[in-house]
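Trainee: All chains, please: the whole structure from these sequences, using the hints.
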Amino acid sequence: MLKPRTLAAVGFLTPGVGLLSVFIIFPIILTAWVSLNHWSMMTPISEMNFVGFENYTKIFDQDTFKKALANTFVYSIANLAMMLPLSLLLGLLLYQAALKGKTIVRTLLFLPYIIPSVAVAIVWGYLYSPMYGPFNEILAFFHLPTQEWLGSFDQAMMSLVILNVWQTLGYYVVIVLAGLTEISQDYYEAAAIDGANSLQRLFYITLPLLKRSLSFIVVIMTINTLQVFDPIYVLTQGGPANSTTVVSYHMYDTAFNFGNAGQASAMAFILYLVVLFFTILQLRLFKTDY
Amino acid sequence: MDKQGNISTEPSFQTALPSSTKRVEKRGYIGGFVKYLIMLLISLVMVFPFYWMAVSSLKTPVELSSLPPVWWPSSPTFESFAKIFDVVPFGSSLMNSIIVTTAATASILLTSILAGYVFAKYHFRGKNVLFVIVLSTMMVPQFVLIVPLYHMMNGLHLVNTFFGLILPNMANAFGIFLMKQFIEGIPDDLIEAARLDGASEWKIIWKVIVPLLKPAASALILFAFVYQWNNFLWPLTIVQTPEMNTVVLALNSLRSYTTSVEYTNVVMAGAVIGILPSVALFLWLQKFFIEGIAMTGIKG
Amino acid sequence: MFKKGSLILLAILLVLSIVACDSKSSTDGGSSTGEKKVKISYLTHWAAPQVEQLKSAIKEYNKIEPNVEIEVRAVPFGNLLTTLTTQSTGSGAPTITSIYELWLPQLVNDKIAAPIPAELESEVQSNYPEGIINAITINGKVYGFPNEVNLYALNYNERLFKEAGIAAPPKTWDELVDAAKKLTKKDASGKITQQGFGIITSWNSGVVHPWLSLLYSNGGELLGSDHMPVLDSKEVKETTELYQKLIFDEKTTDPSMSIANASTTGPYLDNFANGKTAMIIMANWWQSALEDSMGDKFADIKTAPIPVGPSGSGSHSVSYSWLTSVNAKADQSQQEAAWKFLKWLNSGESGENGSSAMGDMLMGMGIMPSRNSDIEAHNTDLNSPFLKPYVDELKNAKSFPIVLGGNELTTTLQQQLEQMEFGQTSQNDTLENAQKSLKDLMSQFYK
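Taken in order, these protein sequences are the chains called A, B and C. Each residue of the first sequence is one higher than the one before, starting from 1 at the first, in the working numbering. Each residue of the second sequence is one higher than the one before, starting from 1001 at the first, in the working numbering. Each residue of the third sequence is one higher than the one before, starting from 2001 at the first, in the working numbering.
If you are wondering where the hints come from, they were derived from the structure by calculation, not from laboratory data. Being a predicted model, the structure only gives us computed values, none of them experimental. Treat the hints with caution; some may be incorrect.
Claimed, not checked - No farther apart than 35 Å at their CA atoms in a straight line, the calculated lysine-lysine pairs in the DSBU-like style are these:
id : chain 1 : residue 1 : chain 2 : residue 2
1  : A       : K211      : B       : K1207
2  : C       : K2388     : C       : K2237
3  : C       : K2388     : A       : K66
4  : C       : K2234     : A       : K66
5  : A       : K3        : B       : K1287
6  : C       : K2297     : B       : K1083
7  : A       : K66       : C       : K2439
8  : A       : K211      : B       : K1035
9  : A       : K100      : B       : K1214
10 : C       : K2245     : A       : K67
11 : A       : K66       : C       : K2059
12 : A       : K102      : B       : K1214
13 : C       : K2329     : A       : K67
14 : C       : K2436     : C       : K2395
15 : A       : K3        : B       : K1214
16 : C       : K2436     : A       : K58
17 : C       : K2251     : A       : K67
18 : B       : K1127     : A       : K211
19 : C       : K2063     : B       : K1083
20 : C       : K2251     : A       : K66
21 : C       : K2436     : A       : K67
22 : B       : K1083     : C       : K2111
23 : A       : K67       : C       : K2237
24 : A       : K67       : C       : K2398
25 : A       : K67       : C       : K2447
26 : B       : K1035     : A       : K100
27 : C       : K2059     : B       : K1083
28 : B       : K1083     : A       : K102
29 : B       : K1287     : A       : K211
30 : A       : K58       : C       : K2111
31 : C       : K2186     : C       : K2171
32 : A       : K58       : C       : K2329
33 : C       : K2398     : A       : K58
34 : C       : K2302     : B       : K1083
35 : A       : K66       : C       : K2436
36 : C       : K2191     : A       : K66
37 : A       : K102      : B       : K1035
38 : A       : K58       : C       : K2302
39 : C       : K2237     : A       : K66
40 : A       : K58       : C       : K2237
Mentor: Put into structure tokens, the structure is as follows:
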């Protein structure tokens, strides 16, 4: 009896695990190896020559890469700072059963999450357009100063963050909502008997019990935002003056426009380590006191 | 036998009732009013870009280039929708996206069910280590892979082919994880009973497991579909002729033709068509989709 | 229940089989249609109308030469180099590619571009301007047929000039600053509503070429004879000072009105087309984009030579050209067929009224051809008020340095210049940083 089942286990696991090994694990190892070599994308891989850590020292000599790394963190942190409170507030609001139309709001919130980010970026490019765009028109209507949005050194990054918040907020709200439904009503009933007010209930019951959902949000958001590429490729190409260059975009440029596969791989590998580090760190931090 | 084993552990949103509702009512209309105002505001913010996209696609070139911007076209025209097909081979792009997305989704579903079943119901040495390795592939950024993947595909002569587009996306750690979570909830007795009846493992999957997987499978189909349909970086790398473009790539090249604001309607029309399949699928299956996400949030 | 499972399986198999068939037909490996027929491909960044023209030219060619099959592949400009980079090692690499001369050294270095066969070299040598041939000559070998040529000049809006009471376009930098001041309008809060002089950002050539045109017109250089940057010169310093003056001291230029998008159009163009920018330095090819945006108002747009700087002796614009090259990794028979086709496409036999088919296609986009006979054949079109000054300036134009890593050089310089334009670094730091990073870059290629 045991043998056919072992066979089955191997047979069932092979396609999934095999594909993941060939198309994810093997390429990562290859990226690590290429990052130690000098190699032009336009020549066969056999013409690669080993240079040790030269690519790493070279990219850390580059202002653009350092700026890209810093920008990537800024983008991530700004997203976290806006999205975490917003998703929590909206989650708490939409959780209230007495509210009519909340399903519609939830659907609307979620809708942008499932459409191509290239389409979102293209549309927002027009919304932000300083001359033909509606945003400045709306601001002018309320007698507010019009903005330069993507054209401004100081605002371009923020404009990209707002775009991302609009696109992905619904996803995080849904996670908060799911976390809220998990909290047993018994806690609230007990608190009501003790005469706790709603603020106390929020801080002593809801938030502590939501910790797991919130930590999940932080991890997922970090992983997702550190990889941002599409809106930058579509909208800013890293400008103005490198204010929106991020690692993935700079890496793409280096590999496919400058043909420097070695340096591009070094950049990719560094960001991979950063993502890995944050993921493990956050999982650890949140796990210990749950 | 029905949902008990799996997703019914999550209460659905519609039925969950918090205790605070009665107090809210007492506090009168102001609180309620503020809440509805917020909801209205959020809805407006969420809808506005869609509105602008749709309306821009219906404008005439003159309206597009007039200042201040026109909020509603005086005589909406669908010309732009016909024009996309002249500018780029949009029809074949739609077809390509459908082929690639369907193939990858089907493959992800199959590989995830198979592997998920083993991880959920089998016991062997090293299973947990293997599972952690599988999970760890979930957090690998796509762009770490494109340079080596590109050269692998090149070596296999798969650049600019359907296989090149699909192959790296045929299995997915998240899918395996999702399936494992659901299958774990299926009682072992059911499987043992089938085994005693002499069913093969393959048969057990299709006769016992799969029929119970509908909600999870629907969620996974949506996830995989949306991911494939929207994917940009890999198609951008591997596709090299307009005939092989996916819809998202076609949108991107459509944009390159907009040498002036007057062509905005064509780009926006492309965006409208490009988002329709995902939107339709989502509106149809959104319950499963949202439950699927909720699931990962709680158990992740 | 079992049905459902097998259904899914069936669906997968079906889809995969479709995919398999399709992918076979889409790769161009099989070349079995008639034994003698040579299959080649032509990669270009042209837009749909020109691709159609090229296809009909190929049809014409097939009447003379039926044994060759030429497939046209068109990609957007922004994806052209990427496509070339990624495809060149593959089996489906294009046989013929239209490339920007700046990419040539790398392609030659990686043995992707093939030198023109000896018997065709005279065809190029005797029919194109010397400067353009020099730019595509590496180690004494010519690497293809030049096609379009572009150069920069000062475009200005005559209507705005009249409003401001300016009679003629500026000839020197002092006049430029002076005119820019008169042409700038601000609202009550000091925000610029109409800028006197516009720059371009977020697009590497758009940033670097106008700046370099001004530098050339101030007698300066970007690279020395040893391929190393010479950004520590007085001429360079004066050029950045001019930018400093226009952007910060006189506030006649608003960098936020300067953004270009990935299709190298966008706000900078919108602002100029809508009369919110009075002067800008741009290349001749944007004529068609301006015409599209402006309609009748395009008549207001005039062209003048680049203003001359204090250390300069004359106006010298940056010029760059494109060429059609042949893949050195293609089969011998394919290479031969490709050169033969290119010879025909660029000769007077293929086009109308003595022009080549190439010349006709380029003029269709409003782009200047570089072949002497093409310029002659299109004389009337090139005589338009917008284009004529460009054509006249061609003899004074200097090519952008054609070096290895040229694309990265442009991008690196762009980033440094933008830092200055957006007020992030001081003038001195900008030049020091630029000198250092360009030196690092160039020393990777030249010892």
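Trainee: Against each hint, give a clear statement of whether it holds in the structure.
Mentor: Do the hints match the structure? See the list:
1. K211(A) to K1207(B): violated (39 Å)
2. K2388(C) to K2237(C): holds (32 Å)
3. K2388(C) to K66(A): violated (45 Å)
4. K2234(C) to K66(A): Holds. K2234(C) to K66(A) sits at ~30 Å (cutoff 35 Å).
5. K3(A) to K1287(B): Given pair K3(A), K1287(B) is violated - Cα atoms ~41 Å apart, limit 35 Å.
6. K2297(C) to K1083(B): holds (26 Å)
7. K66(A) to K2439(C): Answer holds: K66(A) to K2439(C) is near 18 Å, not above 35 Å.
8. K211(A) to K1035(B): Distance of about 25 Å is within 35 Å: holds.
9. K100(A) to K1214(B): holds (29 Å)
10. K2245(C) to K67(A): It holds: about 27 Å lies between the C-alpha atoms, which stays within 35 Å.
11. K66(A) to K2059(C): violated (52 Å)
12. K102(A) to K1214(B): holds (26 Å)
13. K2329(C) to K67(A): Not OK: K2329(C) and K67(A) at ~38 Å, beyond 35 Å, violated.
14. K2436(C) to K2395(C): Distance of about 33 Å is within 35 Å: holds.
15. K3(A) to K1214(B): Cα-Cα ~30 Å, so holds.
16. K2436(C) to K58(A): Holds, because 13 Å separates the two Cα atoms, which is no more than 35 Å.
17. K2251(C) to K67(A): holds (28 Å)
18. K1127(B) to K211(A): holds (29 Å)
19. K2063(C) to K1083(B): holds (32 Å)
20. K2251(C) to K66(A): Measuring from Cα to Cα gives roughly 31 Å; hence the hint holds.
21. K2436(C) to K67(A): OK: K2436(C) and K67(A) at ~17 Å, within 35 Å.
22. K1083(B) to K2111(C): Not satisfied, since the Cα-Cα distance of roughly 41 Å exceeds 35 Å.
23. K67(A) to K2237(C): Cα-Cα ~25 Å, so holds.
24. K67(A) to K2398(C): holds (33 Å)
25. K67(A) to K2447(C): holds (28 Å)
26. K1035(B) to K100(A): holds (10 Å)
27. K2059(C) to K1083(B): holds (26 Å)
28. K1083(B) to K102(A): violated (39 Å)
29. K1287(B) to K211(A): holds (24 Å)
30. K58(A) to K2111(C): holds (26 Å)
31. K2186(C) to K2171(C): holds (25 Å)
32. K58(A) to K2329(C): Roughly 31 Å separates the two Cα atoms, so the pair holds.
33. K2398(C) to K58(A): Answer holds: K2398(C) to K58(A) is near 32 Å, not above 35 Å.
34. K2302(C) to K1083(B): Holds: K2302(C) and K1083(B) sit about 32 Å apart, inside 35 Å.
35. K66(A) to K2436(C): holds (16 Å)
36. K2191(C) to K66(A): holds (33 Å)
37. K102(A) to K1035(B): With a Cα-Cα distance of about 11 Å, the restraint between K102(A) and K1035(B) holds, given a limit of 35 Å.
38. K58(A) to K2302(C): Given pair K58(A), K2302(C) is violated - Cα atoms ~46 Å apart, limit 35 Å.
39. K2237(C) to K66(A): holds (27 Å)
40. K58(A) to K2237(C): holds (28 Å)
This entry does not satisfy hints 1, 3, 5, 11, 13, 22, 28, 38, going by the numbered hints stated previously.
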